[in-house]
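Chemist: Take these sequences, add in the hints, and give me the full structure.
One-letter residues, chain by chain:
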Amino acid sequence: MARTGRRKRDRLRWSKLYTFSCLRPSVQLETSDTGTASLGGPGFSRVVHCNQPRLHYKKPLKYPTNYISTTKYNIITFLPKAIFEQFRRVANLYFLMAAILSLTPVAPFSAVSMIAPLAFVVGLSMAKEALEDWRRFMQDMKVNSRKVSVHRSDGLFGYKHWEKLRVGDVVKVEKDQFFPADLLLLSSSYEDGICYVETMNLDGETNLKVKRSLEVTLPLDEDEVFKEFKGVIRCEDPNPSLYTFVGNLEYERQVYAIDPTQILLRDSKLRNTQYIYGVVIFTGHDTKVMQNSTDSPSKRSRIERQMDKIIYILFSVLVLISLISSIGFAVNIKYYMHNWWFLQPDDKDNKLYNPKTPAISGLIHLITALILYGYLIPISLYVSIEVVKVVQAMFINQDLQMYDEEAGIPAQARTSNLNEELGQVHTILSDKTGTLTCNQMDFLKCSIAGISYGVGSSEVEMAAAKHMASHSDFGTSEIEIEPSTPITPVFERVRKSTIKGFSFEDDRLMNGNWTQEQNSGTILMFFRILALCHTAIPELNEETGGFNYEAESPDEGAFLVAAREFGFEFCKRTQSSVFIRERYSPSEGPIEREFKVLNLLEFNSKRKRMSVIVRDESGQTLLLCKGADSIIFERLSKNGRTYEVDTTRHLSEYGEAGLRTLALSYRVLEESEYLAWNAEFVKAKTSIGADREAQLERVAELMEKDLILVGATAVEDKLQRGVPQCIDRLAQAGLKIWVLTGDKMETAINIGYACSLLRQGMKQICLSTAPSDPTQQDAKKIFLLSEQAAKENLSLQMSNALQMVKLERDPHAAFALIIDGKGLTHALQDDLKDRFLELAIECASVICCRVSPKQKALVTRLVKEGVGKTTLAIGDGANDVGMIQEADIGVGISGVEGMQAVMASDFSISQFRFLERLLVVHGHWCYKRIAQMICYFFYKNIAFGLTIFYFEAYAAFSGQSVYDDWYMLLFNVVLTSLPVISLGAFEQDVSSEVCLQFPALYQQGPKNLFFDWSRILGWMGNGLYSSLVLYFLSISIFSSESAFRSDGQTADMAAVGTAMFTCIIWAVNIQIALTMSHFTWIQHLCVWGSIASWYLFLVAYGTASPLISGNAFQILVEALGPASIYWISTLLIAVVCNLPYLVHISYQRACNPLDHHVIQEIKYYKKDLEDHDMWKRERSKARQKTKIGFTARVEAKIRHLKGRLHKKLPSITIQTVS
Amino acid sequence: MSSSLASSSNLDGSDDTSPQQKQSKKPKYSRFTQQELPACKPLLTPGIVIGIFALVAVLFIPIGLASLSASEAVVEVIDRYDADCVPNDMHGKELDFIQNSSTNKTCTRRLTIPKTMKSPVHIYYELDNFYQNHRRYVKSRSDKQLLQPSKEAETKVCAPEGNTPDGKPIVPCGLIAWSLFNDTYQFSINSGSIQVNKKNIAWASDRSHKFSKDVYPKNFQKGALIGGGKLNESIPLSEQEDLIVWMRTAALPTFRKLYGRIEKDLNANEEITVVIENNYNTYSFGGQKKLVLSTATWIGGKNNFLGVAYLTVGGLCLSLVLAFIVLYLFKPRTLGDPSYLSWNRNPSASTD
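Those protein sequences? They're chains Z and E, same order as listed.
For what it's worth, UniProt numbering labels the leading residue of the first sequence as 1, then goes sequentially.
For what it's worth, UniProt numbering labels the leading residue of the second sequence as 1, then goes sequentially.
Watch out, some of these pointers could steer you wrong.
As the list claims (entries may be wrong) - With a cut-off of at most 35 Å between alpha-carbon atoms, the simulated DSBU-like pairs for lysine-lysine come out as follows: (1) E:25 / Z:175; (2) Z:334 / E:290; (3) Z:1181 / E:41; (4) E:28 / Z:128.
Derived from the structure by calculation, the hints contain no laboratory data.
Please read all numbers here as calculations on a predicted model, not as lab measurements.
Modeler: Rendered as structure tokens:
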């Protein structure tokens, strides 16, 4: 019975300690309660029979099972749905039509040559879809088959798969397990029915939340008692709101109101609590987390959508020339056919060519022509793009510089069809926790008795220091932050200690040295506050013999670790006491001291402080208080302000460095004073009524005054490696970065500072609704009223802010918009959202805090649709799934926080910093590659396809092609496909280092320089020109009017067609060689190999039986090869085709070079090595002017300093904090 | 959205997280996967641009001159005879004339040789407005039948000239063969006849591999409609070179086909008498018929276009060379000059 033993140990009555959040409406519901008045009405119809899941097997109480499915298809729907998806592509539909028609005799080609490529393309895409869906299915299966302990009958519990869970089941969830469904908490291992929940997956918040059961269900804390348990829950219908719940419990003939604090949501995790019992209320897709999820949309890149438009244009051209063809055909049939005796026009079986019915012939011919000119619309384009994207994705997956050595996870392109979109991103929407930060707090610095300790510095400080060192004269305004290679950030902090949560370095305090310090008494107090003022529980780590702490928030954990390292190890908590092992010097043994905890006034976001009242072994009663500096400072006693000035200065330094600060203080209590207060406190605590909370706060307020300031702590919310640098460079690449976090505003702002998204001197626009406290549960009427007022208030705030931004004249002024979830609720409404967006765009950085997953998605949509540019959302948790799916590109951080974000994402990386390489290198390359590839593809097919059309005019529009069927089939499949694939897969305008060094190059993507209409039309014009040259020069030279060989033979159709086709092969391959700027052996092989393969094919085809090759038999060896005119015409036409393009690019490079041209030249002439300074200078200029990020911050600082120097002001002035 | 798997850091959702497997996820280094393959990065420097255009000019102008002179060296005699070979009384009734098998279609023409024509002199007939490239026409042949005696019944693709009305397969079948050109020419000079060599006018490969020496014409031109020429049924197809040449369909509606060769020099100002059997009907579609005598050089027959095109392009490139020299002189730009970078050219543009 080891379990019961452990259980006993945990039987702490937390409610004794907790003052606020364990308030429990101990009486049954008053009927006047507005929240539940509507139960049973529409929207509130759910009835749950606790412990009687059987009642839910039948209607009307039959609710969905706990089985979840996130797949797009199932076995039955896969084929129809996937095929439908495939044929939503215009081109595929056209090819399908063509393939069907190719089965009829009107087709100019054989059916196989039409159907096979289509089947290949569609099959490939469908196989990809199927694979992706299979992965999702396996993921679902894994979740569905997790096990949970469920009450079976007679007080016996057994394990069941999650998917078997029904509404009404009683489950027992153990520590660190996820809740399988939305539960009503009945009881926990703690006697007073509280439990800790981590809601990371729901809202990204890292603080543990305290949930508490109803008083009445407290006795239900043994397996056996569920034998008899019965109750009915009436509550709201499934809805996506995570923070509300309306319902009541009918138990033992009484009705109790249930509020959100009794509800445990699926996908949150039980922490610090051995077990809980709960009743399933919502299952499967009814759960709040599932209600928050949205269907994963199929995304298509911007380029692909634009490509569709080109396809439409080409389709129109196709229809046009087909119409011309068929009209020409009909005219020929009508007026000339009867003259053409050699065609036997009067043949009775002749329907297609019957001169009596030219209209019918024309119509039938229209179909023939549509198929014949189908080469204008390249089916192989899709195959090639798929192939290229797979290769590109492979490069992303294989990139060692995006491989996380520690986690062992490489980057992964989960969907390959968005590669090029990576090069066009305009706005990045980022989650905070787990994405920017590691969700780990490190104790970094402290200020005790007015002296700042801790020599470690945050990343911002290091950058600034580095800069100051390298530019000791402030003569130049160019700021050089060494971009270096991204894999080894220069600023990587080398830390001596590897203790998690502790990065403090200062020998003055370590190893007991603090006893030598002047104010050792104050330091002692400081350490005691760290060790005592918290709500954590120690847990013995059996491996190391040390303690781990299970704290509500990571800060607290960091404090305890720090205290431990300073020699104040918190080792035990009992119902009423905290035990500390104190060790004053390393040589001494520890002394265990007991501190009686008399009261605990815990933290909430309104109070912004927490206090404990303890009595030490000597009987002295102390109030220890830690809290936000402003709160603490206003509660200091007159003689407690000794260190206020120094501490304030330190605090502002810490804040600027992006550290989270708390001020620590204490107060010595007289016994009588305490007793008097405690009496009042107990009275308040046991009072009944709505104002109890207010009373408690008022009483707590009485105690938390006349404090003596001890010092302040600075904790670093540890950023992931390289995050500030990455943000800096992304900002320099011209990207906008928004942070959307579920966390508190203060935390978000801290991180804003740490990432340099915020800095001093930036004007912060904080949009929030009138200070309404979250615990407020007023009557609905007032609520509605205030809702309206809040909205108006917000609207006013936004107008004012906008006014201010618009009137700002200082070019260096930067604004930051900070908005919380409540504000966002209003700001996202239709009438305000445009103004909100306008304001947000004007601001350099935007931080949204306390946003729900749904709001994240809504903000993403607002940006996506409002700005009309590409958005990228990056996040790691389930709460980011909505935004990841909503954004044009979703990137998941494959960290430790589960897989939902990754599963929903299009790309996954294991660290935020890899985003830079993903976008600036891979995105840039992929964008250019795909854009060039598509342009070239259209060029190539226009050049080829139109020659077929021109020939028709000379062949009475009969639908005969001058080329052999095989040539045409091979044109796209073999002869020109590999060069274009090599262009799409391997082209590099500049090397990856240069991409990283010149972030401005990235802007070529968002500005869409390589796929705008002028460029597309230019390429199409080039195709048109080439087709004209190819056809008319060939025909003029090879016109069968005179012999083409020295022995007098004239050219027949096969010879003309083959010669013309040779010219096409040369022309398009030389064209692609001119397009490429990067030749590895692969490109050489592909381009020159394609040309060679054409001749090889001709030889091989010519050697095959004439039954296969027809008139092409021996054509190269016998007919064309010995004819010099064949070779010199090829030379002429290939040159003429490419001459204008060559002139164009030569002229452009000479007079109007693009950035990458100049950089290519610099690299070519190795100027970067000769003239280091120039290279460095250009690199720094190549950054987009930005107001966020490191560099901007350092610049701002320098401006500030320069301004001061200019004014010859004394160097020490009080820094302005705005 | 599904519940998370805190324990699993795998991307593919599989269960294994042992260190070894983690290690194996590390991409292997290769210059290919890291996109670091050695590459040549050619650059269009002014030197190269001018060099390319100069090279083209230097290459093209001689070729153009050479081919132009070769073309000029070709002596060509063209005689259109379709109109003149209709008796005067039949003008306006050319169709009746040509379709009536009893009329005398012999016609005598005199040609003057303008310049000495070195042997061999190629004899061509040229037709106009004849759509040998019409789809109905092109498809109407059976290669199998021509090659294999056993496949003589494979005439489906030859419709409407596959079988005789009584169902026997026609060899060679199809519209192409059926419309075989059948004018004949006889040359004489000063009343001495000139031998026309009709051997080797077709491709050797056609004779050896496409038209079998075991297949003989059968049921040819026996149907209701008589198209063009008839074939001697005792000569195998491989030796029917006129047919083989005809079956090589022309790409354009105006075409010449080799008729034969005169293997003797024709001197300047000599007058040649040609006796033409004007059998072939081009009158119904208004096509011209021409007799062409031509010599050939290394570029084949007369082809001024090629030379002119080469010279034009060569000249164009020469002017491009000049244009670019002027451009580089007047708008010089040091390659790799950073002042041309967009942020240096219009600094305001990069301010976002």
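Chemist: Next step is simple, just say for each hint if it's right about the structure.
Modeler: A quick look at each hint next to the structure:
1. E:25 / Z:175: The given pair, whose Cα atoms are some 32 Å apart, holds under the 35 Å limit.
2. Z:334 / E:290: holds, 28 Å
3. Z:1181 / E:41: holds, 25 Å
4. E:28 / Z:128: At roughly 25 Å apart (the allowed maximum being 35 Å), residue 128 of chain Z and residue 28 of chain E satisfy the hint.
Violated hints are absent here; each numbered hint is respected by the structure.
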